[in-house]
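*Asks:* The residues making up each chain are set out below.
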Amino acid sequence: MRRTLTVSVSVLLAAIATATPAFAQEADAGAPIAADAAAPATALDTKTPAPSKVEEAKPDDAKKDDAKKDELPSGRFEFGAYGRVRIASDLRGGTGRTANIVAYGTRIDEDSYAEIELRREDTWKKDIRTRVVTTLAFFPQFFHFTGNATQQIAMRNLYVQGTYGPATLWVGSRMYRGDDIYLLNWWPLDNQNTVGGGAGLKLPKDTMVAFHMGMQRLDNAYQTQVIQAVAPSGFGVVDVLKVDRPRIIETLKLTHFLRNAPDRQVFQNNDKMGLKFIVYGEAHQLAAGTQKDPLTGKDRALPEDSGWLVGAQIGYWTGERDSFAHLFFRHARGIAVYDPLAVPQTFANDRTVSGASETLVALAGNYETGILGVQWGGYLRFFRDGSDAPLSKDKFDEGSLVLRPNFFIGEHFGVAVEGSYQMRRYALSDANGEGVKQGGLTRFGIMPFFSPSGRGSFKRPQLRMLYVITARDGGARSLYAPEDVFSQRKVEHFLGLSAEWWFNSSSYP
Amino acid sequence: MKLRKLFPLLVMMTLAPSACVDLPEDGKPQPMKTWVDDWRDEVIYQVLVDRFADGDVNNDYLVRPGALARYQGGDWKGLQDHLDYIKELGVTTLWISPVIKNVETDADVDAYHGYWAQDLTQTNPHFGDMAQLRSFVRAAHQVGLKVVLDIVTNHMGQVFFYDMNLNGKADIYIGGTGGTSPVTRVSEFDPDWDPTGVQASTSLGLAGRAPVVFIQDPSINRVPPQPGILGTARAYHGFGRILNYDVPAQTMLGDFPGGLKDVATELPEVRATMVDAYTRWAEQVDLDGFRIDTVKHVEHEFWQTFAPAVRQRLAAQGKNKFLMFGEAFDGNDELLGSFTKNNELDSVFYFSQHYQVFRDVFHNAKDAKKQRGTDQIERLWTTRYKNWGAEPMPDGVGIAPRKMPINFMDNHDVARFLFDAKGDVDALRNALTLLSTEEGIPCIYYGTEQDFAGGNDPANREVLWNTGFATSGDTFRHVSKLMRLRKAYPALRRGDTKVIWSSPDVATEEDAGILAYERAGGDAGAGAYALVVLNTNGLKESVTAKDGATMKTAMPGTVMVDVLDPKRPTFTTGADGSLRVSVPAQRGMILVPQAQVVSE
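Here the protein sequences line up with chains A and B, keeping their order.
Its first residue numbered 1, the first sequence is counted upward by one per residue in this note's numbering.
Its first residue numbered 510, the second sequence is counted upward by one per residue in this note's numbering.
The hints are simulated quantities; they were obtained by calculation from the structure and are not laboratory data.
Just so you know, even glycine gets a beta-carbon here, dropped at the ideal spot from N, CA and C.
You may find that some hints are simply not true.
[What the hints assert, rightly or not] Each computed DSBU-like pair below joins lysine-lysine, with the alpha-carbon atoms no more than 35 Å apart:
no. : chain 1 : residue 1 : chain 2 : residue 2
1   : A       : Lys-298   : B       : Lys-1076
2   : B       : Lys-878   : B       : Lys-1055
3   : A       : Lys-125   : A       : Lys-202
4   : B       : Lys-537   : A       : Lys-490
5   : B       : Lys-931   : B       : Lys-1076
6   : B       : Lys-996   : B       : Lys-931
[Unchecked claim] Computed from the model, here is a short list of chain A residues facing chain B with C-beta under 8 Å:
no. : residue
7   : Leu-254
8   : Phe-257
9   : Ala-261
10  : Asp-263
11  : Gln-265
12  : Gln-291
13  : Lys-292
14  : Thr-296
15  : Phe-347
16  : Asp-388
17  : Phe-396
18  : Asp-397
19  : Tyr-426
20  : Ala-427
21  : Gly-435
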């Protein structure tokens, strides 16, 4: 059980680590080759909300650049950020703590996280532009909470992108992803974090294609092992890279838009509304290797492995007040089932995961009218590990559904309320041996907020108070060790403050 | 409006998973059933789960292949995957090593054997979970195999230390002068027996009973034991480790070597806990019996409470003839028999036979100076009828214990037969013939069929899967043949026993090494008959005669067929039942009246 939780938490942490807000990331990750905040509104921006959003986000410097567009080459430095900070009490004298038991639970009580981005934008000729992006991410806990001056920092982006007319190339280390489900802090279709490169091309009729190839070699004996050997000369030892098995990932994404354009009318008298259709695929390869068992010192073969993933998405937006809806579907096999930032924990007896599979459907959306806005998200996920055994902690079904109405009070204030339910069911027997191990929890939260930038569910920054109450059933409690109060308490409280912001980031323009 | 539209989705999300992930049908609770008719029809095959087959690499936590004191990776799925091997061997009942959660490791030795209990209610995750255990047992039942579970009531694992120097931490060694302090050099994990209870002491002298301190080391699951009272100090005797097995108080109250803490089984709460915890396993998994560890270290009154309570609770749920047999690691036949009376156990391991027959007679087949004559076997068997219970236990298996000893040559606690017999496979196969045809239930230790020859623990706990589960070896085929004969001829299973020839001779005498016994009548039915003739001498062919006297059978003028020999040779008894047969060194015959011969 503890291992199961660890896996779940690790997946969750991976999701947290790549957290971005709702539609914000869509302009770049969803449109991997465009990715230019200064691009025309009708360009290859796959961002779900209205294209006008890009105009709103266009920085002042970009407008100056427009004014000076005849003065080429031209360039500028940009600074962008994403961040969230929260602090909370459990009303029992302790800190508030996330209670999720599924891989992608509601983010209402998620931990702090921040990114800062430094970016160089250059226009060399009319059709030739480049962008150099550096993004640092900061993981909790932060200094003022722990008193610990060390900080976990990750390089989330470090890449160069060049655009030449309809074509774009990029090379580097990059988080590369599509649309998310904001309330679950999750990218259900495509979410790559690799070192590699990609290319994209605008095709006629509002269609674009993007290809990416990258690799990862996680710091884990499954992919990386350094052993010591007797130095070939002299004294002492030398390090030898014994296991060197990067996961190589190729992705291909085809996006087609249905929306009005100068040469065609799709929606009568509505240039803001749009639909997009995405077909997506991945291929994963992992080479064979030989690992030295640290317990016995004996070599053990690690077989080659592979996997594939196919998925699709339909997106719709009204163009008014960030209203949109997405529907996702994804099916994966083999190694592609596993998050690229995680490694399998269970295997078939031949030590591959060729039998693993994952199927999911997910939805996300936002609708705003007058003083009301409603955000929603949810998914069903059927995960089967690669083990031969019918019983495994890594064979499970899970799902989550969250609904967050926002009641706007004037232009800058509001109250959000959120209800959610999540459940996971394992292919394991429960403690009594009577049925499967499963757990579920129901949550309700209320969140008054101040939105300095105006009315809207996705307006940021947002400063919040929040109270969340979580009712956890016996199965959910049984997922924790008996020494953990979460194994005993049926109800959890979470009272705190939080803030979230994003601005001028290539990930969240 | 929105909420109403979302409600069906919520319902779908709640219900859809229930249609997907589920336990395998055979992993779900099953109604209990009585699977055994007569336990003497069974042949037990002892399996150390960790060593039999690795069916799921995902529970291979911290395995160290080749290091036999550590986990090797076997599990219940591996057992289930190789039931065909067991069926082909011909045994009918699996005795599996303990299933409960153990302290993981101690002093760089792992609890792969299962005898270091920490939680009597949870499965050992190295072997699988409850559904996997159920699945295995059900699969075994479906192919006609029964499953007996190994349990321990005498002690738990090394779950606490005695804080003898009152410093609050577990000291591997503490030293004293031996002057004012009686302490010289002891371990707080496993101190020596003290009739006053393990004492604390300081430089000034004794300081009273040493506090029992439960250890909190989750990394090796060395945490307070479960369930209930077993997590409290009063559930343990606290006298320290047994030093002298001949002192009854030490045997009954002392900790088992290795720091295994002796449970206060005289406490009613402890007894109730043991009954409930172990009976629950039988209920949940549909087990067919218990093999009970270290019974001589627990007071008789406990067994008089435990055994009837288990039987009655199971019988009330439709599980009858639940076999409970104990291990008293002792060659004293009278002591062994004491656990088979007064509503205690259905049977015990025939340790006296292990020593007096398999060691004294069979191991030394080629050494006339060491070998004992077969008359020792006859005397032992006769003694059993005096020492062991003559009446079946109430609500038990319905067979008198003295007619149903658990016969074994070796097991996980002693060196393998071939080790002691110095690799003499003829001695092994001859001993197997005796084991399979004598009165009682044969119990074969896994790997015997593969000629495993490991010495003492843990060398005698080899990994079976390294053999490739070969079924073509001579010993495998010999066992398989014996099992088929046993199945074909009821006299070999249920017949009464009469020794018609035994000899003190072990050298060059005419009948040196001959043992002949009839299995006839009794519960096998009138007329059922088999005659077993063994030559235990490893140096010469011997005959069933001496000094003009010839072996007399109960079958005058009968043509007898040696069904053990593939050539099926025949022998005819004289009008007076006499039969003179010559048996090659370390060979045996199973003679059946020609009229009773059946195809195996």
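*Asks:* With reference to the structure, classify each hint as holding or not holding.
*Replies:* Here is what the structure says about each hint:
{"no.": "1", "hint": "Lys-298(A) <-> Lys-1076(B)", "result": "violated (50 Å)"}
{"no.": "2", "hint": "Lys-878(B) <-> Lys-1055(B)", "result": "holds (21 Å)"}
{"no.": "3", "hint": "Lys-125(A) <-> Lys-202(A)", "result": "holds (19 Å)"}
{"no.": "4", "hint": "Lys-537(B) <-> Lys-490(A)", "result": "holds (28 Å)"}
{"no.": "5", "hint": "Lys-931(B) <-> Lys-1076(B)", "result": "holds (30 Å)"}
{"no.": "6", "hint": "Lys-996(B) <-> Lys-931(B)", "result": "holds (31 Å)"}
{"no.": "7", "hint": "Leu-254", "result": "violated (28 Å)"}
{"no.": "8", "hint": "Phe-257", "result": "violated (26 Å)"}
{"no.": "9", "hint": "Ala-261", "result": "violated (32 Å)"}
{"no.": "10", "hint": "Asp-263", "result": "violated (37 Å)"}
{"no.": "11", "hint": "Gln-265", "result": "violated (30 Å)"}
{"no.": "12", "hint": "Gln-291", "result": "violated (13 Å)"}
{"no.": "13", "hint": "Lys-292", "result": "violated (13 Å)"}
{"no.": "14", "hint": "Thr-296", "result": "holds (5 Å)"}
{"no.": "15", "hint": "Phe-347", "result": "holds (6 Å)"}
{"no.": "16", "hint": "Asp-388", "result": "holds (7 Å)"}
{"no.": "17", "hint": "Phe-396", "result": "holds (6 Å)"}
{"no.": "18", "hint": "Asp-397", "result": "holds (4 Å)"}
{"no.": "19", "hint": "Tyr-426", "result": "holds (7 Å)"}
{"no.": "20", "hint": "Ala-427", "result": "holds (5 Å)"}
{"no.": "21", "hint": "Gly-435", "result": "holds (7 Å)"}
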